[in-house]
Amino acid sequence: MKPLFSHGPVPSYRMLLCAVAAFSLMFAEHRLPFMDDVRSQLTTVVAPVQWAVSLPSEGLSWAALVFSDQRALVDENQRLRQQLLTLSHRVQRMANLTAENVRLRELLNAAPRDEVPYITAELLSLDSDPFTQQMVIGRGRRDGVYVGQPVMDASGLIGQVIAVSAYTSRVLMVSDANNAVPVQVNRSGQRFIVQGSGDLDTLNVLNVPATADLQQGDLLTTSGLGGRFPEGYPVAEITRVNRDGQHSFASVEARPLAQPERSRHFLLLFPSPAAAAVTSDVNIEAALHLMDGGAGKMPNELEKARP
Numbered sequence: 045m046k047p048l049f050s051h052g053p054v055p056s057y058r059m060l061l062c063a064v065a066a067f068s069l070m071f072a073e074h075r076l077p078f079m080d081d082v083r084s085q086l087t088t089v090v091a092p093v094q095w096a097v098s099l100p101s102e103g104l105s106w107a108a109l110v111f112s113d114q115r116a117l118v119d120e121n122q123r124l125r126q127q128l129l130t131l132s133h134r135v136q137r138m139a140n141l142t143a144e145n146v147r148l149r150e151l152l153n154a155a156p157r158d159e160v161p162y163i164t165a166e167l168l169s170l171d172s173d174p175f176t177q178q179m180v181i182g183r184g185r186r187d188g189v190y191v192g193q194p195v196m197d198a199s200g201l202i203g204q205v206i207a208v209s210a211y212t213s214r215v216l217m218v219s220d221a222n223n224a225v226p227v228q229v230n231r232s233g234q235r236f237i238v239q240g241s242g243d244l245d246t247l248n249v250l251n252v253p254a255t256a257d258l259q260q261g262d263l264l265t266t267s268g269l270g271g272r273f274p275e276g277y278p279v280a281e282i283t284r285v286n287r288d289g290q291h292s293f294a295s296v297e298a299r300p301l302a303q304p305e306r307s308r309h310f311l312l313l314f315p316s317p318a319a320a321a322v323t324s325d326v327n328i329e330a331a332l333h334l335m336d337g338g339a340g341k342m343p344n345e346l347e348k349a350r351p
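In our numbering, the protein residues as written are 45 to 351.
Hints listed in this document are in silico derivations from the structure and should not be mistaken for laboratory results. Treat the hints loosely; a few may be bogus.
Stated by the list, open to error - Cβ-Cβ distance ranges computed for the label pairs, FRET-style:
| # | residue 1 | residue 2 | range |
| --- | --- | --- | --- |
| 1 | Q239 | T164 | 21 to 31 Å |
| 2 | H74 | D173 | 15 to 25 Å |
| 3 | T164 | Q122 | 26 to 36 Å |
| 4 | P161 | L141 | 15 to 25 Å |
| 5 | N145 | Q260 | 27 to 37 Å |
| 6 | A108 | H291 | 48 to 58 Å |
| 7 | Q122 | A198 | 17 to 27 Å |
| 8 | F71 | D171 | 15 to 25 Å |
Note that beta-carbon positions come from the ideal geometry of N, C-alpha and C, so glycine has one too.
Could you put the whole structure together from the sequences, leaning on the hints where they help?
Printed below as a string of structure tokens:
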């Protein structure tokens with residue numbers, strides 16, 4: 045393979061030109077508003093490449109399933125039956141608790157809580173290093189996805205959408221150092237802010253008074269403050285509480301409950317329009333159409349209205 049930058053005066057100028065172009069693009073992305081549209085269009089162009097890159101892993105998963113021996117399938121079937129029995133028991137218990145909660149809220153004249161609609165999405169790529177905790181999923185603007193939308197997996201909150209193209213979206217995970225989520229302690233109801241540390245297994249709980257009622261193992265859920273993340277979804281579990289008598293604040297760490305490195309399918313939540321004011325009318329209607337069985341296609345009137 046011929047190297048791009050070999051020795052000599054002309055390749056040196058070529059390298060300098062590439063460096064200047066790179067710095068110019070970074071400056072334009074931070075200063076010029078129209079660069080968001082340019083990046084969105086370029087993301088749409090490379091979407092087929094992202095899908096093609098994800099095909100080998102899907103092929104390996106399919107091959108592993110096809111060539112599994114009978115004993116492995118029997119063991120897996122037995123394990124799934126036991127899991128189904130456990131989940132059925134939990135659902136029955138949950139139905140009882142839900143009915144009791146409804147009766148108590150009626151006694152208090154409290155407004156009923158609506159179910160949060162959602163659509164599913166599949167993982168295309170995952171970036172997990174100390175500087176970037178992001179992933180790309182196979183849903184985009186045509187599916188009603190919008191910037192700031194909450195993303196979940198089977199265990200807890202994954203993060204929020206930060207960039208949307210026609211067919212794919214980029215998600216900023218809760219473990220990213222630039223991400224912060226308002227949470228509350230499930231046991232005591234105290235509210236705090238958790239921030240990513242750049243490590244998939246560690247979150248920092250900010251500004252915790254030394255006298256706060258926090259214990260190892262406490263569950264942190266979304267508080268609903270700020271209107272971006274719906275209330276009550278699991279986020280993390282406290283793993284360390286360090287109280288120093290010489291300081292007014294405690295050092296608290298938590299472990300995210302979501303498992304992005306193991307999950308391949310995710311949920312994109314659609315909170316109420318009041319809580320997600322950044323969502324455009326076209327995106328809301330497109331999402332509702334998908335949840336009503338639109339099979340991934342937009343109505344004609346939405347297709348015409350879509351920019």
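Open item on the list: Run through the hints listed earlier and report the numbers of any the structure violates, in increasing order.
Closed with: Every hint satisfied by this model.
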